[in-house]
Amino acid sequence: MIRIKNLYKEFDGKDVLKDISIDYKPGECSLIIGASGSGKTVLLKSIVGLHTPEKGEIWYGDKLFNKLREKEKKELRKEMGMLFQGSALFDFATVEENIMFPMDFFTDWSLEQKLERANFCLRRVNLENANKKYPNELSGGMQKRVGIARAIALNPKYLFCDEPNSGLDPTTSIVIDRLIKEITQEYNITTVINTHDMNSVMEIGDKIGFIYQGRKVWEGSNKEILHSDCKELNDFVFTTNMAKQLKALMNR
Amino acid sequence: MKKALEIMGEYSLLMVKVFQKPEKWRIFFRQSVIEAQKLMIDSIPLIFVISIFIGAVVVIQTVNNMDSPLIPKMYVGFMTREILVLEFCSTMIALILAGKIGSNIASEIGSMRITEQIDAMEIMGVNSANYLILPKIASSVVLSPFLMLFSFVVGLLGGALIIAITGLITMAQYVDGLQFSFKIHYISYSMTKMSVFAFIITSLASYYGYYAKGGSLGVGRSSTKAIVISSVLILVFDLALTKLML
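These protein sequence lines map, in sequence, to chains L and S. Numbering of the first sequence is given in the working numbering, commencing with residue 1175 and proceeding in unit increments. Numbering of the second sequence is given in the working numbering, commencing with residue 12 and proceeding in unit increments.
Hints listed in this document are in silico derivations from the structure and should not be mistaken for laboratory results. Among these hints, one or two may not hold up.
Pair ranges (Cβ atoms, derived) [as the list claims (entries may be wrong)]:
id, chain 1, residue 1, chain 2, residue 2, range
1, S, Val60, L, Phe1266, 24 to 32 Å
2, L, Ala1267, S, Phe30, 21 to 29 Å
3, S, Lys13, L, Asn1305, 16 to 24 Å
4, L, Ala1417, S, Lys224, 32 to 40 Å
5, S, Leu160, L, Thr1281, 48 to 56 Å
6, S, Leu255, L, Glu1228, 43 to 51 Å
7, L, Leu1289, S, Glu17, 39 to 47 Å
8, L, Ala1267, S, Gln31, 16 to 24 Å
9, L, Asp1189, S, Lys28, 28 to 36 Å
10, L, Leu1289, S, Leu160, 27 to 35 Å
11, L, Phe1266, S, Ser23, 52 to 60 Å
Okay, derived cross-link-like pairs now, DSBU-like style, lysine-lysine, Cα gap no bigger than 35 Å in a straight line [to be verified]:
id, chain 1, residue 1, chain 2, residue 2
12, L, Lys1245, S, Lys224
13, S, Lys28, L, Lys1245
14, S, Lys49, L, Lys1307
Backbone N, C-alpha and C fix where the C-beta goes; we use that ideal spot for every residue, glycine too.
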């Protein structure tokens, strides 16, 4: 479980995150949604430790992450996996080398064991026969799958996804969303996803936190989002006329 | 001034991160071999071509400038050797390498930074600075003195080649000059300089790449800064080491 308490983050004197508090539970896909520039990427990067918050607490289970020493943070990071917006696969490595990369550092497995695990992860994300390919030989969807396979290589307790559907067509987006959801439930992972894709919200959003101008202004599930009376959320979700009419119909 | 201090502080912090015990020595040695190939071995053809031509040109220019019949012709070999060993094979080769490997390192690490590959390593718990930069520094610092020696030998051969082709002086005079008043200390001085220059090139290029910002334009800017700053520092350290060691 991840618990965020009263988190503040600023850049050059400007508050980007203001008093964010939220809990993320294992086995759930928790989404951070909001418009571009609302602070959701900063929130995700603060949670994983790529940004240092000015104030607030980030708890991983019973460990206060932002007060841990570097060595302890490093240990905790072995339990994290992250899928980046652009996949962030290592250009210099093949697909299987990308997946074996964390194993090289943090396990004493033999090459056969590492290959076996890499193949298992690739099968799990439905990507076979791509082991020897380099990232630039893969489509966007395939790169995301490899990114997920790499993120789950060491059986993480926490999975973070930064805009997993960015640059993907709607069909592939749904496939990736479902894959993340399946993996989250199968391995009881605490998954936090940063997105502005409403299809994802409706498909996998067990818990949703809506960020508006650096503040969390709404929290709920994908079912509750349709009936919310939060003005900022409704302006974000029901942008088109068709969506507004749909909302009006549902509220009748 | 404030900016310069900030850069020095950031650079020092990065070096602290770089010079930590590698997570696994096996990975460090594997990466060092890869970097040695990429940064040093792959530079051999360029150094060969430059050194052979410069050796030949130095011989021609020295012959042309020695008008006095009182100066023995063997001094052509002597002066060629001294020019090559004292300055050309270390400082000039380092300036050339600053362009070649400096831009290579800054753009490689800079691209990794802007495509979040470095963030991906950090999230995994890997010390990205140590993994990416230490093997580059280690392989360059250890192998660059041998590149200097290679350049020296090839430069002398270039001189010999032009003498054999043009007959400006006899080969015996040239060889006599090469052997005349030879100081082994000059070789160690030049090799030491080369190691220091290699550290400057690799660490500065890595620093500018590691903190690259602003997309592909930012990577280009980092690469240019890395080359310019390391070239200036090479000259500054050339002066300081020469004063200290000669």
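Checked against the structure, which of the hints given earlier come out wrong?
3, 5, 10, 11
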